[in-house]
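Peer 1: Sequence:
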Amino acid sequence: MHNKIKITESPRDAQQGLPFTIEVEQRAAYINELMKAGFDVIDFGSFVSPKAVPQMADSGQVLQLVDKSLSATKLLAIVGNTRGALEASALEKVDLIGFPYSISNTFLQKNINSDLTRVYGTAQEIAGICIKNQKVFRVFISMAFGNPYGDEWNENILKVCVQSLVDIGVQAITLSDTVGLATPLSIKSAFDALLPVYPNIELGLHLHTEPQTAGAKIDAAWNAGCRSFDGVLNGIGGCPMTGYELLGNLNTLDLLSYCKEMNIPHQLNEPLLQDIASRYIDFQKIKYK
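Counted the way my numbering counts, the sequence shown spans residues 9 to 297.
By construction, these hints were calculated from the structure, which means they are not laboratory data.
Heads up, a few of these hints could be off.
To be verified - Computed spacing ranges between beta-carbons, pair by pair:
1) Asn40 - Leu193: 36 to 42 Å
2) Ala98 - Ala60: 20 to 26 Å
3) Glu133 - Thr29: 26 to 32 Å
4) Ser286 - Leu78: 22 to 28 Å
5) Gln220 - Asn141: 39 to 45 Å
6) Lys101 - Phe28: 24 to 30 Å
7) Ala224 - Gln282: 19 to 25 Å
Stated by the list, open to error - Simulated pairs of lysine to aspartate or glutamate, EDC-like, Cα-Cα distance not exceeding 16 Å:
8) Lys140 - Glu100
9) Lys268 - Glu278
10) Lys82 - Asp103
11) Lys140 - Glu95
12) Lys14 - Glu210
For each residue, glycine too, the CB sits at the ideal point set by N, CA and C.
Starting from the given sequences, assemble the full structure and let the hints guide the process.
Peer 2: What follows is the structure, encoded as structure tokens:
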């Protein structure tokens, strides 16, 4: 088991739940700062209806202003349907296409106006688009650790879902806790069950969590063998589609603190990230300096 961690920074998830929108130029300037920090992936924006997520409108324009010339960081775009996948996959700067899958029928309806029957067909179509356009297809399985809506949930449902995605060629699957239901025990159990079965699939973790419980959850995932983690500087964000009060993302700085404590190597420029975090701690005062 290798000890290198892979970290995705998600300004898209930070900004999509804000009660205001940030100008295209400011969004791009922020991403360009993050591009210098050494992240493996930046989840920069989404190609979805601007009526549904106005904070992510004009993600294509943002991308035009992002400079990839001096960075090895890859860019991830979230899509909610095949139309978005076609739009995003046509853009050279996009390296990965992300799709918000779920094992919760209720959340699929709330999030992408889909259901458990239709979403698999959509995933198949997007997988084909990604293959044709040489993009990595990364699927986020929300409600992976429980269900707040009363839909049926158990770990076997999660296992069946993962297998079905692997069957259509998905290369990266991220288990997502959207409303903070995950516990260290449920995280450990899920990765213990999945990682030995899918050694060639990148299985990652996307957490929305209270800061005081983040460390134990990171530790559970790491010790179970997870090596791919998502974070957001300052823990900003939350999914506005859940119907629940927004719960912030895993703070990238807390993830780096864990790495330091456990002597886990990473390639991030921590002083730069500390500086960026201090200047962008309040997105209402966002300024590019």
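Peer 1: Against this structure, judge whether each hint is valid.
Peer 2: Consistency of the hints with the structure:
In this structure the hint that Asn40 and Leu193 lie 36 to 42 Å apart at CB holds, the actual value being about 40 Å. The given range of 20 to 26 Å is respected by Ala98 and Ala60, whose C-beta atoms sit roughly 21 Å from each other. With their beta carbons about 30 Å apart, Glu133 and Thr29 fall inside the hinted range of 26 to 32 Å. The hinted window of 22 to 28 Å between Ser286 and Leu78 holds, with their beta carbons roughly 23 Å apart.
Between Gln220 and Asn141 the beta carbons are some 42 Å apart, a value that agrees with the proposed interval 39 to 45 Å. Here the CB-CB span from Lys101 to Phe28 is close to 26 Å, well matched to the stated 24 to 30 Å. Against the hinted window of 19 to 25 Å, the Cβ-Cβ separation of Ala224 and Gln282 comes to about 23 Å, which satisfies the hint. At most 16 Å may separate the alpha-carbon atoms for a hinted pair to count; Lys140 and Glu100 meet this at roughly 13 Å.
Annotation: proposed proximity of Lys268 to Glu278 holds, straight-line Cα distance about 11 Å (limit 16 Å). For the given pair, Lys82 sits about 6 Å from Asp103 by alpha-carbon distance, which is consistent with the 16 Å threshold. Among the hinted pairs, Lys140 with Glu95 is consistent with the structure: their alpha-carbon atoms are about 13 Å apart, no more than 16 Å. Among the hinted pairs, Lys14 with Glu210 is consistent with the structure: their alpha-carbon atoms are about 10 Å apart, no more than 16 Å.
Checked against the numbered hints listed earlier, the structure breaks none of them; every hint is satisfied.
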